[in-house]
Amino acid sequence: MSSAANKISNNYLQEEETIDIKKYIYKFSSNWYWFVLSIFVGLSVSFLINRYSSKQYSTSASLLVLEKGEGYGGIESIISEFGAYSKAQRKNVENQIGILQSYTLSFETVKELDFQVSYWAKGRINESEIYTTSPFKVVLDTTKNQTIQQRVNLSFVSETEYNLEITYPTGKNIKKEMFFGETYSDDFLTFRIEKNANFSDNNENISYFFFLNDYYAIARSYNKGLKVESIFEKGTMLKLNKSGNVAQKEIDFLNKLIEIYIRRNIEEKNISALNTIKFIDEQLNNIIDSLQKAERNLERFRLNNKIIDLSKEGTSLFEKLEQQQAQKSILEIRMKYYEYLKNYIKSKNDFKDVITPSVIGIQDNLLNSLVAQLSALYSEKNVTEYSATKDNPTMEVINLKIKNTVNALIENVNNIIEGAKIEIKEADKNISVLDQEIQKLPVTERELINIQRKFDLNDNIYNFLLEKRTEAGITKASNIPDVKILDSAIIQNSEQISPKRSINMMIGFFLGLLLPALLIIIKDFFNDKITDRKDVEKSTTIPILGAISHNTKDTDLVVQNHPKSSISESFRTLRTNLQYLLQGKEKAVISISSTISGEGKSFCAVNLASIIALSNKKVLLIGLDMRKPKIHKIFNCQNNAGMSTYLIGKSSYKEIINKTGIDNLHTIVSGPIPPNPAELIENKKFGELMTRLKDEYDYIIIDTPPVALVADALLIMNYTDANIFVIRQNYSSKNVLKFVNDLRYEKNLDKITILINDIDYNNAYGYKYGGYGKYSYRYKYGYRYNYGYGNGYYEDDNESVSLISFIKNKFPFLKKFFKKKHKKHTVNGQ
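Here our numbering is used: the first residue of the sequence shown is 1, the next is one more, and so on.
Keep in mind that a hint or two might mislead.
As the list claims (entries may be wrong) - Cβ pair distances, simulated, as ranges: (1) 735 - 22: 19 to 29 Å; (2) 55 - 481: 31 to 41 Å; (3) 509 - 55: 16 to 26 Å; (4) 495 - 230: 19 to 29 Å; (5) 128 - 175: 17 to 27 Å; (6) 636 - 521: 42 to 52 Å; (7) 363 - 268: 23 to 33 Å; (8) 638 - 36: 50 to 60 Å; (9) 128 - 529: 44 to 54 Å; (10) 270 - 47: 50 to 60 Å; (11) 55 - 487: 40 to 50 Å; (12) 395 - 487: 28 to 38 Å; (13) 459 - 103: 51 to 61 Å; (14) 221 - 481: 53 to 63 Å.
It should be emphasised that the hints constitute simulated quantities derived from the structure, not laboratory data. Here a beta-carbon is modelled for each residue, glycine too, at the ideal position from N, C-alpha and C.
Start from the sequences, fold in the hints, and give me the full structure.
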């Protein structure tokens, strides 16, 4: 390839890297109908999504996790003054979140709400759950087994009857007419349908069904959809959020979940107090009989012996003995507690209902600390088990801490028991000494002391236990939940989160806008056809002689039959530009060729010849495409005698010259197809003929074969003054221009120009303004604009396009829907 050709190729690559924004703006605007259709479809789809998609609602509630003693006037300090037990360490915020998100809590919630049965109404397209508006109620027979995950269809026949339809997984189908209140029973289901307050006559036109849910599955579903999180990073406020198809159902779930959570929280706090009361009641039941017996003995003794008071010495001994005996009794009660605590630790896997040491007045700091610590560890373990497995490292650490604390607590209790035993022995020793002193008193006084001692001992123990029971009751009554409800879930705070109507409509609109643009860009990117003038200009420096608009007429002879049409004006412009190219020559031989068949060279040759003939020039049109002749078809004449028969000597000069019916225009058709067209053109006789024709005619227009297919056209160009290459918009490949460049720069054919054919000005970019190369003549002068000629300068300006024609032209795939037949138009010679 020559340096000039290389230069053209480099320019082509350089320009192709840039993006012509105006070009795409023009393409978008010229294809406006696709954008309108796409936006309409996008908005329609968005509307259908908004209309028929299952709606999703989000609802929420908020809680405040309370600090110890917060907002309650220091009630816990009052309880501690009475020696009551210390409540378990309050859970931190993370623990509360873990409990609220536990599966157990969700399961208990859906069971209390009776979510086993869900009610649905069937619409024309989708199905919707009717949580609070169901016109009927399903009453299951809880004494019978029920098949879960089963759908039951029904439709109302009247106010007293309904149709029932059940299809079991086994394939068994049940269809039955039932009365309201009548029990249906088979091997899988037992229930009855009852009307409720929502029932009306309008329900008879609607189909319903109910679904028997699995409590475990629905609890998992609700638990998975429940979100609990801190409102503030360093705060103690929690937000509970749940979304679903029915807002009121999600509201009921959240409120019931919080209700059960608070109830369980209070119950857990009350377990220890209740166990304490139970323990004290058992001790009171044991002591009350002894107390009543001792009281009766004391009254009987005083009555029989008429002794009211002891002597001074007896009183002193009795007080000392009573003191020792009371101390021993308290030690014995504590010993029972130590044994209880020791057995409890060994037999229990949790520590939530243990009786704290303070209940029986034990103020051992280490013991109280270990009990509180173990209680807190078990509480932490219970919370962690909601979200962690046994092999979780956190669980392993907690279990290790529990094990160490249990060992330390058991060791501490054993030490305390040993110390208590020593104290009891010491008390027994002191009591023995006092008994010996009492033996020295008179018999009557001695007996009174023994009876009084037993009474006072039981009475003191009874009063002590009664006091502790009162304290435990106060503790129970003062228990409050660890959280406070800030906002319950209500319908006013619920919002629809899906489908988002406005966002969907915006998405539909922008997708409708984007899709055609994207398709146009992609199509243009992969399109190797010449679509506009700039495709030619950036690929070659060969002049563009003119452009021929799209032929909407039903004939190839548009110049002759429609002289005032816009396409005829295109040929006038071509004629004028040709005069500039020929630099005023009075006579000229012009070849019109193309690279491949179908680009419209014959059409352009016929009409160029016709338009030149209209200017009073004597014109001859020669059809030299002897392999695929067409000129005779356009003029509707015989092809028996023509160029091929003349060159082989079968026809005379006069026999091959044909009149066309157009003044000043004659033709020589190609004649019968010969086996050797190239050899005929190389014949000396062809050159002699061309010399004779030049003398007789002002202009000779030659319709040559396609250059890229055969060599005939290159032979013909030896006789021409100008060579016009026709390329067709949206038909000719861009590679055609490389071939034309090779002809210009490799074969040195400097008389080459380009003619762009079949331009649709309504969809073309780059043709409406300006000229073509150095032969810049504004060929669209006056076209569809008012330059003093008024509207309708061309006859086809006033042609109206029907809606059906517009649709068929813009949407070819819809043509089959229009049954009316229209005469096919000629498309620029094709």
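Structure-based check of all given hints:
About 25 Å separates the C-beta atoms of residue 735 and residue 22, a value consistent with the hinted range of 19 to 29 Å. Checked against the hint of 31 to 41 Å, the C-beta distance between residue 55 and residue 481 comes to roughly 34 Å, which is consistent with it. Look at residue 509 against residue 55: about 22 Å separates their beta carbons, and that is inside 16 to 26 Å. Separation of residue 495 from residue 230 is about 21 Å and conforms to the stated range, judged on CB atoms against 19 to 29 Å.
Taking 17 to 27 Å as the suggested C-beta distance range, the pair residue 128 and residue 175 conforms, at roughly 24 Å. At roughly 45 Å, the beta-carbon separation of residue 636 and residue 521 lies within the given 42 to 52 Å, and the hint holds. Take residue 363 and residue 268: their Cβ atoms lie about 25 Å apart, and the range 23 to 33 Å holds. The hinted window of 50 to 60 Å between residue 638 and residue 36 holds, with their beta carbons roughly 52 Å apart.
The hint said 44 to 54 Å for the Cβ distance between residue 128 and residue 529, and at roughly 53 Å that hint holds. Separated by about 57 Å at the C-beta atoms, residue 270 and residue 47 satisfy the suggested range of 50 to 60 Å. At roughly 23 Å, the beta carbons of residue 55 and residue 487 sit outside the given window of 40 to 50 Å. Separated by about 34 Å at the C-beta atoms, residue 395 and residue 487 satisfy the suggested range of 28 to 38 Å.
Restraint check, residue 459 to residue 103: a C-beta distance of roughly 53 Å satisfies the suggested window 51 to 61 Å. For the pair residue 221 and residue 481, the beta carbons lie near 27 Å from each other, so the given range of 53 to 63 Å is not met.
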